[in-house]
Amino acid sequence: MFKHIIIGQYLPGNSFLHRMDARAKLIAVLLMIMVIFLADTWRGYGAVTVGTVGVWMISGVPLRYILKGMYPILILIVGTFLLHAFLTQEGEVIATVGAFSVYSGGIEQGLFIGLRLFFLVLVTSLLTLTTSPIDLTDGLEQMLQPLKRFGVPAHEVALMMSIAIRFIPTLFQEAEKIIKAQTARGAKFNSGSMKQRTQAMISLLVPLFIRAFKRAEDLALAMEARGYNGGEKRTKLRALTWRRKDTIACLIVAVSAVLLFFFQR
Amino acid sequence: MTAVSFNHVSFRYEEESDWVLEDVNAEIEEGEWVSIIGPNGSGKSTLSRMCNGLLSPVEGEVFIEGKPVRPGEELALLRQKVGMVFQNPDHQFVAPTVKDDIAFGMENAGVPRNEMVERIEKAAMQTGIEKILDAEPHRLSGGQKQRVAIAGTLVLHPTLLILDEATSMLDPQGKREVMNILKDLHRRDRITILHVTHDLREAAIGTRIWLMRFGNIAIDLDSNTMLDQMNQFDTNDIPLPYEFHLLQELRRRHCKEEAGLVKRYIRDGIAL
Ligand SMILES: Nc1ncnc2c1ncn2[C@@H]1O[C@H](COP(=O)(O)OP(=O)(O)OP(=O)(O)O)[C@@H](O)[C@H]1O
Ligand SMILES: [Mg+2]
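Protein sequence lines, in the order shown, are assigned to chains L and A.
Each residue of the first sequence is one higher than the last, beginning at 1 in full-length UniProt numbering.
Each residue of the second sequence is one higher than the last, beginning at 1 in full-length UniProt numbering.
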C-alpha cells in the first residue's frame with residue numbers, strides 16, 4: 001500500500017535548479033514571494049508570469065507534477081476569486097445576479113488574488129520539487145545559524161526535521177502492518193458504518209502512537225550512546241557548496257524584483 | 001590490559017525498588033569476547049549500559065581501560081571508545097541515509113569532513129555495505145541495518161564493542177552476517193567484544209561466557225570449559241540446542257574423537 005512513498009514531493013533530476021545550492025534556492029524563493037506580494041497591476045502580473053514560467057522551464061519538472069500540487073488549493077483559489085468578485089464594489093457594474101452586482105473592480109481584485117495564490121504555490125512547489133528534503137533541511141539550518149544569537153534553535157529544528165524525514169516511511173510501513181493485523185481481527189477500515197470505521201481508526205492510531213513513543217525512547221538512548229551532545233562543536237558530513245552560478249541566480253532574481261517594482265507603475 | 005572492570009557494582013532503577021544488580025565483580029581483558037546469557041530481567045542490559053555511562057552504578061564503580069566511568073565531559077570520549085549496538089535495527093538508525101547515519105557519531109565527535117569520508121569508506125568495507133551507502137533505511141533488511149549500526153561505531157575506532165541482543169530480531173541470514181563481522185573484528189582488528197544474547201550457539205563462539213541470574217554473574221567460564229561442563233547449564237532455564245545435546249551424549253558414551261569434532265563445529269559457529 002505504502003511501498004513507493006516519496007517524502008515531500010522531491011523529483012530527482014539534473015536541471016539547473018536541481019544543481020543549485022539549497023540556500024540559494026531558499027533566498028530566491030523568498031525574493032520571489034516578496035515580488036508576488038508586491039505585484040498589483042496587470043503589467044506586474046504579466047512580468048511575474050514571465051518570470052515564474054521561465055523558472056519552471058529550466059526546472060525540467062513535467063507540467064502534471066505542478067498541476068498535481070495545484071489541485072488541493074484549487075478550491076481556495078476559486079473561492080477567494082468568487083469572494084472578491086462579489087464583495088468588492090469598485091469600477092462599473094458588469095452583471096447582476098439576484099441581489100448581488102458584480103463590478104469590474106471586483107473581477108480584477110479576484111483575479112489578482114487568485115493569481116497571487118497560484119504563483120505562491122507554483123514557486124514553493126518548484127523549490128520542493130527540485131530540492132531533496134535533506135538538502136532543504138541543511139540549507140534551512142545554515143540560514144538560521146545567524147539567528148542563533150536570538151535564541152532560534154537552528155540545529156535542533158534541523159535535527160527534528162531530519163529525524164522526521166527518516167521516520168515517516170517507517171511510520172507508514174508500521175501503519176500498514178497494524179492495519180493488516182487489525183483487519184484480521186475484524187476491524188473495518190474500508191467498509192462498514194461510520195462508527196465501525198472510526199473504531200477501526202482508533203485501533204490503528206493507539207498502537208501506532210504507543211510504538212512511536214517506545215521508538216523515541218530507544219532512539220534517544222541510541223543517540224546518547226553515540227555521543228550526541230547537542231549542537232555544540234558538531235561537524236557535518238553534508239556540505240552545501242555555494243558556487244558562482246548560485247550568486248548569479250540570486251542576483252538575477254533580485255535585480256528582476258527591483259525592475260518589476262518600477263516597471264509595473 | 002583490563003578492558004572493563006566491574007568493582008562491587010550494585011544498581012537499582014529507583015530508590016526503594018529491588019536491586020537489579022547486586023555486588024557484581026568481574027573483569028574483561030583486552031581482546032576477549034565475552035557473551036552474556038541469562039533469563040529476561042536478569043540485568044544483562046543494565047550491566048552493559050554501565051560500560052559507556054548510559055547508567056551509573058548506585059554503589060561501586062566501573063573502569064574502562066583503567067579509567068573510572070563518571071558523568072561529565074569525558075563521557076563523550078568514552079562513548080567513542082565503547083561502541084554499542086542495540087536490539088531493534090529500526091530504533092537506532094538516526095539519519096535519512098546510510099552514509100549520514102554512519103557519520104552521526106563522528107559528527108558528534110567533531111571529526112573533520114575529509115576524514116569522515118575516509119573512515120566511512122573503511123568501515124563500509126569492514127562491514128560489507130559499500131553498495132548501500134546512499135540507501136534509505138526503509139529499503140534495507142534488518143541484517144543490513146545492524147551492519148550499518150556496527151559501521152557507525154567502527155568509524156569512531158572503538159576498542160570495545162557492546163551488542164545488546166543485536167541479532168535477536170534478525171533472520172538466520174542476517175544473524176550469520178552480523179556474527180561473521182564480529183568474528184572478523186575480533187580476530188583481525190583485535191576489538192574486545194561484549195555480546196548479550198539468548199542464543200547459546202552465538203554465545204559459544206566467543207572466548208568466555210557469563211550466565212547472569214538475579215542481578216549477578218552466576219557462572220563465569222571460558223568457552224572451552226563451558227562445553228565440557230554443560231551440565232551446569234542444563235539445570236538452568238537455558239535450553240540447549242541440538243548439537244550441544246549431541247556433544248553431551250557423545251561424551252557420555254566416551255566417543256572422544258567425535259566429541260572433539262562436534263565441539264569444533266560449535267566453536268566455529270558453523271551451526272549458525
Ligand atoms: N528503565 C527501567 N526502569 C525501571 N526498571 C527497569 C528499567 N529497565 C529495566 N528495569 C528492570 O530491571 C531489571 C533488569 O532489566 P534488564 O533490562 O537489565 O534485563 P535483561 O537481562 O536485559 O532482560 P532481557 O533479556 O529481557 O533484555 C528488570 O527487572 C527490569 O524490569
Ligand atoms: Mg536486555
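No wet-lab data here; the hints were simulated from the structure.
Please note that a few of the clues may not be correct.
What the hints assert, rightly or not - Distance condition first, Cα-Cα at most 27 Å in a straight line; then the derived BS3-like pairs of lysine-lysine:
hint, chain 1, residue 1, chain 2, residue 2
1, A, K67, L, K233
2, L, K214, L, K180
3, L, K177, L, K188
4, A, K122, L, K233
5, A, K81, A, K67
6, A, K131, L, K236
7, L, K177, L, K195
8, A, K81, L, K233
9, A, K122, L, K236
10, A, K183, A, K131
11, L, K233, L, K148
12, L, K236, A, K81
Small disclaimer: the values here were computed from a predicted structure and weren't measured.
| What are the numbers of the hints the structure violates, in ascending order? | Per hint list: zero violations.
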